Amino acid sequence: MSEWTWEDWSAPLALSLKICLTASLFVAILGVWAAWWMTRKKRRGRLILETIFMLPLVLPPTVIGFLLLVTLGRRGWVGIAYEWLFNQPIIFTWIAGVVAAVVVAFPLVYQTMKTGFQGVERHLEDSARSVGAGEWQVFRYITLPLAGRSFISSYILGFARSLGEFGATLMIAGNIPGVTQTTPTAIYTAVESGHMPLAWSWTAAIIAVSFLMLIVTGRLNETLNNK
Numbered sequence: 006m007s008e009w010t011w012e013d014w015s016a017p018l019a020l021s022l023k024i025c026l027t028a029s030l031f032v033a034i035l036g037v038w039a040a041w042w043m044t045r046k047k048r049r050g051r052l053i054l055e056t057i058f059m060l061p062l063v064l065p066p067t068v069i070g071f072l073l074l075v076t077l078g079r080r081g082w083v084g085i086a087y088e089w090l091f092n093q094p095i096i097f098t099w100i101a102g103v104v105a106a107v108v109v110a111f112p113l114v115y116q117t118m119k120t121g122f123q124g125v126e127r128h129l130e131d132s133a134r135s136v137g138a139g140e141w142q143v144f145r146y147i148t149l150p151l152a153g154r155s156f157i158s159s160y161i162l163g164f165a166r167s168l169g170e171f172g173a174t175l176m177i178a179g180n181i182p183g184v185t186q187t188t189p190t191a192i193y194t195a196v197e198s199g200h201m202p203l204a205w206s207w208t209a210a211i212i213a214v215s216f217l218m219l220i221v222t223g224r225l226n227e228t229l230n231n232k
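Under the numbering used here, the first residue of the sequence shown carries the number 6, and numbering increases by one thereafter.
These aren't lab readings, by the way, just hints derived from the structure by calculation. Only a predicted model underlies this, so the values are computations on that prediction, with no experimental measurement involved. A few of these clues could be false.
[Stated by the list, open to error] Keeping only pairs whose Cα atoms sit at most 16 Å apart, straight-line, the calculated EDC-like set for lysine to aspartate or glutamate is:
#1 Lys23 - Glu126
#2 Lys23 - Asp131
#3 Lys46 - Asp131
#4 Lys46 - Glu197
[What the hints assert, rightly or not] Label-pair restraints from in silico Cβ distances:
#5 Thr56 - Arg145: 24 to 34 Å
#6 Phe97 - Leu60: 22 to 32 Å
#7 Trp14 - Phe97: 15 to 25 Å
#8 Arg79 - Pro202: 33 to 43 Å
#9 Thr56 - Glu140: 42 to 52 Å
#10 Leu129 - Arg48: 18 to 28 Å
Here a beta-carbon is modelled for each residue, glycine too, at the ideal position from N, C-alpha and C.
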């Protein structure tokens, strides 16, 4: 395509932000719950569980993409269940991009929140329980606020990792313009086809979004430090 319109340029960015916002919400919930559950008491098979949780951090994106393709494909049990529920396959949809982003971002969120929860002094939680607070109240009013900086950092890391996801997304969501083409895959396509100014413009947009997220994180951490 020799001429690019505003819609052509903005569509990958809009889809990337849509996927990132959705994925970062899910991965924040999953990561916080998993970290809290793992730090509350000693778990049997803890080392194996944590190894499974951290695997996406070290596995090649193509391996993750292949495993997701097998699981979410029309012969995988998740893919079969999804198609039965929604009458369409999950592969090559933006939802597949969300799944890929959640999987690759989860280790960062989990590890950051685990460190945050381990830094919360247990006697503060025990004091709340001694005056009748339930586990949810202890988590809501004691544990999570004290781990607030870790929560902010984990969310930003999850968002940033989702924004930069390429390999696994390409394998299970594809690179369909206007449908599943995210900014990283659009940059790859632009470079491959020789549209360097277009690739630079998308790159600048990604840098701007990432820079803004880091600025917001720094401000929020400063606010928490001053309290």
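Inset, instruction - Would you list, in rising numerical order, the hints stated earlier that this structure does not obey? - result: Result: hints 1, 2, 4 and 9 break, sorted rising.
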